[in-house]
Amino acid sequence: MSVGMEHFTIATVAEKSPDFRRVLWTGEHTQLVIMTIPADGEIGEEVHEGIDQILTFVSGVGEARVGGNTRKVAAGDLVVVPAGTKHNFVNTGPNPLVLYTVYGPPEHADQAVHKTKEEADAAEAAGEDEPPTG
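Okay, so the sequence shown: first residue is 1 according to this note's numbering, each after it adds one.
There's no promise every hint is true.
[What the hints assert, rightly or not] Below 30 Å or equal to it, Euclidean Cα-Cα: the simulated BS3-like pairs (lysine-lysine) are:
#	residue 1	residue 2
1	K16	K115
2	K117	K16
3	K117	K86
4	K72	K115
5	K115	K86
6	K72	K16
In short, the hints are calculated from the structure, not lab data.
Build the full structure now, drawing on both the sequences and the hints.
Structure (structure tokens):
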């Protein structure tokens with residue numbers, strides 16, 4: 001079986017997406033997701049059991065709140081959230097906070113697109129945002 005290469009000009013792809021969350025690629029062990037957090041918005045405090053997360057910020061400014069610590073984030077910053085760590089990311093600026101994140105293992109349904117945080121929360125509550133299994 002031949003496997004093709006996935007290629008993204010990731011900052012450009014992320015900047016062009018108006019969606020709160022868009023799954024770009026899902027593999028067996030990791031998942032690539034882009035997010036756009038509107039002004040005064042946030043991801044929402046959460047904990048991923050058994051899932052590490054690495055977030056890289058493309059544009060905008062915000063706060064990373066991870067494991068009881070708070071740091072400012074801006075374009076070019078990267079934040080690691082180890083599995084089981086409480087975290088939230090908050091947009092503190094006037095423009096969207098744009099980022100891409102890698103989950104290991106996958107956290108969301110393959111190809112999921114959620115236009116708003118409310119839509120994302122509803123899909124999760126309804127069990128419609130589950131990662132692929134085995």
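Hints and how they fare:
1. Our distance criterion of 30 Å between C-alpha atoms is met by K16 and K115, whose separation comes to about 13 Å.
2. Restraint check for K117 and K16: satisfied, since their Cα atoms lie roughly 18 Å apart, inside the 30 Å limit.
3. Restraint check: the Cα-Cα separation between K117 and K86 comes to about 18 Å, which is no more than 30 Å; the hinted pair holds.
4. Distance restraint check for K72 and K115: the Cα-Cα separation of roughly 25 Å lies within the 30 Å cut-off, and the hinted pair is therefore satisfied.
5. Restraint check for K115 and K86: the C-alpha separation of about 24 Å stays at or below 30 Å, so the hint holds.
6. With a CA separation close to 23 Å, the supplied pair K72 and K16 stays within the 30 Å bound.
In the structure shown, no violation is registered for any of the earlier numbered hints.
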